[in-house]
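Asks: Using the sequences and the hints given, assemble the complete structure.
Read top to bottom, the protein sequences are chains U and Y.
The opening residue of the first sequence carries number 1 in our numbering; numbering runs sequentially from there.
The opening residue of the second sequence carries number 1001 in our numbering; numbering runs sequentially from there.
Hint data in this document are derived by calculation from the structure and do not stem from the laboratory.
Don't take every hint at face value.
No more than 25 Å apart at the CA atoms, straight line, and that leaves these computed lysine to aspartate or glutamate pairs for DMTMM-like [stated by the list, open to error]:
1. Y:K1467 with U:E165
2. Y:K1296 with U:D225
3. U:K238 with U:D225
4. Y:K1023 with Y:D1088
5. U:K386 with U:D76
6. Y:K1261 with U:E17
7. Y:K1296 with U:E17
8. Y:K1217 with Y:D1066
9. U:K216 with U:E165
10. Y:K1502 with U:D76
11. U:K238 with Y:E1289
12. U:K216 with Y:E1289
13. Y:K1432 with U:E17
14. U:K216 with Y:E1293
15. Y:K1296 with U:E224
16. U:K156 with U:D186
17. U:K328 with U:D357
Away from chain Y, derived, C-beta distances all over 10 Å, residues of chain U [as the list claims (entries may be wrong)]:
18. F49
19. A53
20. P58
21. K79
22. R111
23. Q162
24. T276
25. L345
26. Y374
Residues of chain Y placed beyond 12 Å of chain U at every Cβ, according to the derived structure [claimed, not checked]:
27. V1097
28. I1408
29. C1444
30. D1457
Remember, predicted model here, so these are calculated numbers, not experimental data.
We put the CB at the ideal spot given by N, CA and C, even for glycine.
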Amino acid sequence: MKEQTTSQLPDISFVNEVRLNARHWTVAFIIIAFILLATPRVWKRVERFETTADYRIPYGLSRDYWLYQRRLQQIDDPKRIILFGDSVIWGEYVLPERTLSHFLNQESGSRNQFVNGGVNGLFPLAIEGLVDNYAKAIRHRKVILHCNLLWMSSPKADLQVQKEEKFNHSRLVPQFRPRIPCYKADANERLSAIIERNVQFMSWVTHLQNAYFHDKSIPLWTLEDDGSDPAHYPNSYKNPLAQIKMAVPSDPAVDPLRGPASPRHKPWTANASGPTEFEWIELNTSLQWAAFQRTVQKLRKRGDDVLVIVGPFNEYIVAKDNLGPYQKLHDGVVRWLTQEKVDYLAPEPLPSELYADASHPLTEGYQQLAKRIYSDPGFRKWLLQK
Amino acid sequence: MLFHTWPFLVFVLIVLPVFFALKKTRLWIPWLMAASYFFYGWWNPYYLVLVFYSTVLDYLLVTLMDHCPLGGKGSEPQRRLTHPHFDDAVLKYAFIVAALLTVGAFTLGIWGPPTLRPTMALLGLICLLMTLGALLSSRKIWLLISLINNLALLLFFKYARFVIENLNAAFNWMHWSVTLPDPSTLMPFNFPYVLPVGISFFTFQSLSYTIDFYFGKVYRERNFLRFATFVCFFPQLMAGPIERARHLLPQFIEFPEVRLKNFTDGASLFVVGLFKKLALANYLSFYVERVYENPKSFGAPALMLATFAFAWQIFFDFSGYTDMARGIAQVMGFRLILNFNNPYLSTGLGEFWTRWHISLSSWFRDYVYIPLGGNRGGAFRIYRNLFITFLISGIWHGAAWTFAIWGILHACGIMVTRELERSAMYREDVPKILKQIAVFIFVCFTWIFFRAESLSDAFLISGRIFKAAWTNPEVPALMLLLVFVVWLYQFLLELPGREVLKTGLVRVSVVVAMVVYLCICSSGAGSFIYFQF
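Replies: Right, dumping it as structure tokens:
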């Protein structure tokens, strides 16, 4: 160490040449702004995104909200009707061409009037965020919103418990108000979720990660292991740019987890789970129900003609002495919809064997449900009204 | 609150406009102090007690020191002890208050709530020393109290557990039936015993003020808020640079000149720091962690590359933090000292330490090395001083033998190469690039001890680098590419081609590339390595 006093310390501000003056910053700012604004738009033009009449957002891209938005923007025919909802609308146990929207199209004799706008893993608090931020293209249209009472079946399902819970689509839920007790993300995560929702470029980055990099950032993708023991890292020497195939991945041609051939596609009774005691939430305290109400109001504010389908919940799974509170909840939902003059349908439950669990129908269940809905005079009237 | 997170952006968007709006008032210093306390309290509000206590005590001690005569004239210990008298009214009041506090603290230390007793006993000791300082009217005693207090805080929070564990292990080895209690049992009101973030930085900064004042190198700051802002100035509070009072305090006297250049320079520094942290340091950390967590499973190439990666990780992490700190301060019009000057371009170990963590190495030079004798005396004394300084510097980084060995290795390295670096042969005949590579390799080797989880891991890694099989290291090529691009940029800075880097086109392109890369590829928001020190 040389003896030198502190006043002799090198008084250098910069040890590199990355030092921009005001003119440089202006140019840099313009270029960066242009890149941020233009990239998602250009990307939409150059990336292939092929959809069919029964298209649904692939399971692996459930968190790709930018793609969801792009999908909705594609639907420019005002006569087409979007079905918003969770995995019941998406079709958890069934193939894409066996969902509710498919059977409604079949009933209506049209090929693509009804659009599957469901996303796997959603729930009312997340649907609210999805509709609010990524479904802005849907204005002055007819929309169907599914109300799944399962989300009010316990404090945990309603996200009311104090203990931290990890849940899907946390980036869609309200980050600060209303407060979700079991959502314990730090301020940075919450703010980054808000920024992602509001900055197209950031949503596009998530799309890039979802579509081509296994839902990871590019650096993390290069570090990804193959799950073997000892681990190997197959992407270490790969060129990340070569991964970008410029075509949105689709669902696998054969989905082993869905459809009649899948072992999951069976009646709920086959799982030997008997009737269940649910801890139904009071509607006036339910976070999910409040989010559902806000979603209806937001859609109506956009000029959308909303029709709500309540359930049908698998009432056979509800323990007998638990049916009272369930009915009370169901009636409360119906009462509010009536009060608010929201068109709704509350179909009777399907036969027990057509449910895969508490709320998801099997293929035949969807078919029957579509028939019931389509034959309902209220629905026909709603379809015809301008 | 980390610089590279969104809450910090919100914080800055509130703090800066208000700061500039207060330009024509006296409130800008209280605002800066409040902002800094909020920034620090964001981590853990309990930490605020500590930083406030340290600030108040050092402020008081310097005030009292200022009331004592210079040159030890006031201290005629025996006479003053037998015939107490005070030349200064302030010292008289200080004596009374300190004496009362001593009695109060010792009373609570004996009869107070059990969880409060150890703290009160220590506070009683500090107050007793203060009573003595006032009675003897001695500047030395005030300095001593500041040293004891700051170092005790540091020792307790940072090293107590390490020392106690080692002592207990030694007692056990000697079959003594003595077990020292864990330091957490000494915490008042059962507060959690956790290392306060940045304690090593703000204690050193505060301490430098009292030492400099004692030696007459700095004026006494009469405005408490200004002094408190100096100790906790938020850009550099957590991980430096460790500022000196004579450099930073005068900047708080007048509202800094508002210049466009401050904004553009500050933003440039901040973007570079952000890129270093988010794009480089965090990315490298994943590979380093993979290998260093389980070194037995990796071959020599992976261990070498992980060590190489760590060398760059720690540089990007720490210098990135410093760049951001300096950038934020610069936007406000304050200049913080340079902390890193492309250290991996050093041609000697001595030079390395004038380029790496400059504020800390200069601190150790001024307050440890020079007081020990510095370069005065024979070779033995110089080497002894170097050894002690580097050993302390190593231990400053953490309570583990690995850090001590790291410090010793650097001391040995400097001792061995000191004469070589001074020789004309080394200076003139050895190609610069060879010297740079040799220094880099040695520094990388020492980083093994810095990063390893334990001493045995460090020896295992150093051994396996030479003995283990040459297996596929599976290191991400993209990661290496990024590091080499930065390294190349640094080398270019020292070549005549530097002029190319100065053109507007290159500067703007580099910033645009960094920002776009950050938007697309940032690697998570991990904390900074140096926060633990």
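Asks: Evaluate each hint against the coordinates.
Replies: Right, here's what the structure says about each hint:
Between the alpha carbons of K1467 of chain Y and E165 of chain U the distance comes to roughly 47 Å, so the proposed pair goes past 25 Å and is violated. Proposed proximity of K1296 of chain Y and D225 of chain U is supported: the alpha carbons are some 18 Å apart, at most 25 Å. Straight-line distance between C-alpha atoms of K238 of chain U and D225 of chain U comes to about 13 Å, which keeps the hinted pair within the 25 Å bound. For a cut-off of 25 Å, the pair hint linking K1023 of chain Y to D1088 of chain Y is broken: about 38 Å separates their Cα positions.
Among the hinted pairs, K386 of chain U with D76 of chain U is consistent with the structure: their alpha-carbon atoms are about 17 Å apart, no more than 25 Å. For the proposed pair K1261 of chain Y and E17 of chain U, the alpha carbon gap of about 15 Å is at most 25 Å, so the pair holds. With a C-alpha separation of about 42 Å, the suggested pair K1296 of chain Y and E17 of chain U falls outside the 25 Å cut-off, and the hint is violated. For the proposed pair K1217 of chain Y and D1066 of chain Y, the alpha carbon gap of about 13 Å is at most 25 Å, so the pair holds.
This hinted pair checks out: K216 of chain U and E165 of chain U have alpha carbons roughly 22 Å apart, not beyond 25 Å. This hinted pair does not check out: K1502 of chain Y and D76 of chain U have alpha carbons roughly 51 Å apart, beyond 25 Å. At roughly 21 Å between alpha-carbon atoms, K238 of chain U and E1289 of chain Y fall within 25 Å of each other, so this suggested pair holds. Distance check on the hinted pair: K216 of chain U and E1289 of chain Y sit about 18 Å apart at the alpha-carbon level, within 25 Å; holds.
Using a Cα cut-off of 25 Å, the hinted pair K1432 of chain Y and E17 of chain U holds, with the two alpha carbons roughly 22 Å apart. Restraint check for K216 of chain U and E1293 of chain Y: satisfied, since their Cα atoms lie roughly 22 Å apart, inside the 25 Å limit. Of the supplied pair hints, the one linking K1296 of chain Y and E224 of chain U holds, its CA atoms being roughly 20 Å apart against a limit of 25 Å. Of the pairs offered as hints, the one joining K156 of chain U and D186 of chain U holds, with about 20 Å between alpha carbons and a cut-off of 25 Å not exceeded.
As the CA atoms of K328 of chain U and D357 of chain U are separated by approximately 21 Å, the hinted pair is consistent with the 25 Å bound. Residue placement check: F49 of chain U keeps its beta carbon more than 10 Å from all beta carbons of chain Y (closest about 20 Å). In this structure A53 of chain U is separated from chain Y by more than 10 Å, as the shortest Cβ-Cβ distance comes to about 34 Å. Consistency note on P58 of chain U: stated as away from chain Y, and its beta-carbon is indeed over 10 Å from all of that chain's, at 22 Å minimum.
The claim that K79 of chain U is not at the interface with chain Y holds, since no C-beta of that chain comes within 10 Å of its own (minimum 38 Å). With a least CB separation of 38 Å from chain Y, R111 of chain U remains clear of the 10 Å interface cut-off, as annotated. At the 10 Å boundary, the C-beta of Q162 of chain U stays outside the reach of chain Y, the nearest C-beta of that chain being 21 Å off. With a cut of 10 Å on Cβ distances, T276 of chain U stays outside the contact zone with chain Y, its closest approach being about 40 Å.
No beta-carbon of chain Y is positioned within 10 Å of the beta-carbon of L345 of chain U; the least distance is around 43 Å. The Cβ of Y374 of chain U lies farther than 10 Å from every Cβ of chain Y, with a closest approach of about 46 Å, so its non-interface assignment holds. No beta-carbon of chain U is positioned within 12 Å of the beta-carbon of V1097 of chain Y; the least distance is around 34 Å. At roughly 16 Å, the least C-beta separation between I1408 of chain Y and chain U is larger than 12 Å, which holds for a residue marked as non-interface.
Distance check for C1444 of chain Y against chain U: the nearest CB is about 21 Å away, which clears 12 Å, and the non-interface claim stands. With 12 Å as the threshold on Cβ separation, the claim that D1457 of chain Y sits away from chain U holds: the shortest Cβ distance comes to roughly 18 Å.
The structure does not agree with the numbered hints 1, 4, 7, 10 stated previously, though it agrees with the rest.
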